[in-house]
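*Asks:* Take a look at the letters that make up each chain.
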Amino acid sequence: MPSVIRTEKLTKSYGSHRGIVEVDLEVQKGEVFGFLGPNGAGKTTTIRVLLDLIRPTSGKAYVFDIESSADPTAVHRRIGYLPGEFTLYDRLTGGQTLEYFGNLRGGVDRAYRARLIELFDLDPSRRFREYSKGNKQKVGLIAALQHRPELLILDEPTSGLDPLVQQTFFELLREAGAEGRTAFLSSHILSEVEKSCGRVAIIREGRIVQIGKVDALRDLAHHQVEMRFAGDPPAAEFANLPGVSDIAVEDHLLRLRVFGSITPVVQAAARAGIVDFLSREPSLEETFLAQYGRESVEVN
Amino acid sequence: MAASAGAPPVAALIPAISLRSRIYGFGSIYGKTLRDSRLAFIIAAGLLGGMALVMGAAIGQVFPTPASRLEIDKLIGSMPAAMVNLFGKPEKLGTLGGYMSWKYGALFALGTALWSILALSGTLAGEASKGSLDIVASAPFGKRRVALEKLAAHVTALGLAMAVLAAMTTISSNAFGDAAMGDQISPLSSIGFALWVGLIALCFGGLAFTLGPILGRSGSAGVAAAGMVLLWVASGLQSLGVLATFSPFHWTVNHVALAGEYDWPGLALVGLVAVLFLVIGVELFARRDLGVTAGLSMPGLPAPALGVHGSTSRAFGDQLPRALSWGIGMGIWGVLLASLVGTFAKQISQDSSLVGTFKTIFPSEDLTSAGGWLQLYAQLFLIAAGFAAATFVAKWASDETDGRLEMVLATPLARARWVITGAIAAILSVVVMTVLFAAGIAIGATAGGVSPGDAILGSAYLGLYAAAIVGIGVAVGGLWGTSIAAEIAAVVVLVTYLIDLLAPPLKLPDWFHQLALTAHLGQPMVGKWDATGIVACLAIAAVGILLGAVGIRRRDIA
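The listed protein sequences correspond, in order, to chains U and L. With the numbering used here, the residue at position 146 of the first sequence is 146, and numbering never jumps. With the numbering used here, the residue at position 390 of the second sequence is 390, and numbering never jumps.
Bound-form chain U, shown alone (with noise of 0.2 Å):
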């Protein structure tokens, strides 16, 4: 199958500053694809040197076989951008903004522009200052999806919106899927991505610490447990437990870190008597470090 963007050991710095390392990429033509990462790890930055707005310090970047620096506008002319941040013409309605960008492109079916403003239930007619932040966020999807690209590159592209609408872009994401189109998503949330995407890459200070399917992102899931027990905790019951780590014992706390099924570590906990049981899910910048640690990684 083509690939539809290919980096090879793309690096970007700002003098002093680190932007991505060494990035290697493939995402293949019809591929959801999700681009994770805590923010400031380089997600921007990646996507940013893709479009050729910045460019690369060392390495290549390749959209449909294009390297991206040598012709921009060929790659443009195929893709729908979203930016993780941006701002349109105050004075423009939405409905005048779209138009502008779809003559800028050419090639726009007004009908299926129609079709987006409805699903996203947009009103077309007020200026762009006078929108929420989530009804500037469907302008810019709405700009970004109206020509059918080939690609998408969205940057956290459900910043703002609500969970209805959210849904509604989930949608429109799997029919373009469907008609053979390729989406390269960056997010922060590892559920959002879980649930739209058919691969992941992983980045975190400015490095791919791991590509593969999105299955593989729930082997990174675990819970962080925390129970209370009356008097000394039977931290050995535990230790032998399947996917149980990181015990530490403080008076009569006893916490410890569990990967995949949590029902032994409950069942055990019964047993033992215990006072009062805390669980929970950490957060994904957490999830990266307990994984990877501080230290960087090889690409898988």
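It should be emphasised that the hints constitute simulated quantities derived from the structure, not laboratory data.
Computed footprint of chain L on chain U; a stretch qualifies when at least three of its residues, placed anywhere within it, have a C-beta under 8 Å from a C-beta of chain L: (1) 45-56; (2) 85-91; (3) 99-105.
With a cut-off of at most 30 Å between alpha-carbon atoms, the simulated DSBU-like pairs for lysine-lysine come out as follows: (4) L:Lys-130 - U:Lys-133; (5) U:Lys-136 - L:Lys-130; (6) U:Lys-133 - L:Lys-32; (7) U:Lys-195 - U:Lys-9; (8) L:Lys-395 - U:Lys-133.
With beta-carbon atoms standing in for the labels, derived distance ranges: (9) L:Ser-18 - U:Ile-247: 38 to 44 Å; (10) L:Ala-152 - U:Gly-84: 33 to 39 Å; (11) U:Arg-129 - L:Phe-26: 29 to 35 Å.
Here the structure is a predicted model, which means the values were calculated and not measured. Beta carbons: idealized from backbone N, C-alpha and C, even for Gly.
The hints should help you fit chain L onto chain U, whose structure is shown.
*Replies:* Below, chain L alone, put in the same frame as chain U:
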């Protein structure tokens, strides 16, 4: 699984604000506002102090003898009051202080007031529209204190700038003046002058501050600036009926401190009105909803003029309101001046002795024509046109600085094409402004009963100069970054003006004077064009746009 919040954490003790934080301006709203205005303060104090210094030097060079002082006194005495009073009250014109006060006093006051208007209209309203004020106002103290701290910061900066102006005025008179001709300016006179400048500024800045919570930043600044110009003209020309009596310029008309004449009660009235405006502004800010403004109901542009067809039309649609504002403003200025100079030119041409007097002082000007008089104002027109061009550059640059460019360039629009279409739109805006100015000149001259003659076509020199400034701004924006493009363009305008103004009286080398583009423009208002200047302007515009287009292909988009 359920999660337990547990016991509420004990609030940590808030450490005292460190000295370093205070020095760097992170200790309070006052400190932060002062920090934010440091560049504006340096520019304002530098310009005011620098101008006081170089004007003292220039006046001493141009009028070094009692005979030359007598000549200028006679000349001004022979001019109609309407033309003289617009500058200020002519008192002791034979002294450095008197002449400086008459010729440039209003310029000091208007310029400083513009700074105050921009600062005080933006300090709350601008921050409210950006959304950052919500966070500031959610700090554990009232909105009144927020407003007062921000106000205090501007008053501090203004006070310091006025101290620099007063010091430089006295230093200038002692360094370059002739004591025998009464040129020395006492510290009291300098302080009196600086107080007048500062209070006039605070009065109009206070008006902007008062209107800010209601009209928003641009609305309040626009009304205050328009009010300032209107009241200055009303006072100077003694026209517009009762309006003149509301003018702070009118209340202080007898306060010519640099000539040793003081009107402290008049000055106190200006101060009182300024304080009143500021108090009302603080109260309005405290009582009204944050960031909810009524704005000014301006007629909107028709949809086709907004330009959604392509990148050039969109860029022009974005520039059009600005181009119309500059054009209408300059057009009104043109009407006013052309109607005055038209009348004056007519008077002079009827009196042969007056023609002779003016011929000796301005040998190269034909002051029997409206164009001849308008040529005398060429420098002011050029400054205005240059700054207009800098604002067009700023609008073009805002595509990138505001974050729109990323989406625009993600379409098949090439970077170079974005630069070229934006520059074309900026130059079309220059054309709109120039045509409106020329129309104003035509209307004013006709109303004054004289033929505008060459002045209509001559107005095109403003467009040529402004196009060159656009070229410089676009080149800077393309090569180095749009965030500095308008600022550099404005600095070029200012430096050009200062070189052209000061090089001849200070007897600086000719090559240095020739660096000013405006020195090559001839006298187009009377039909004398300089081909070198035309070619230079067009070449700078074209090469600048080309450099910008090439430059942006080589750099990262911000």
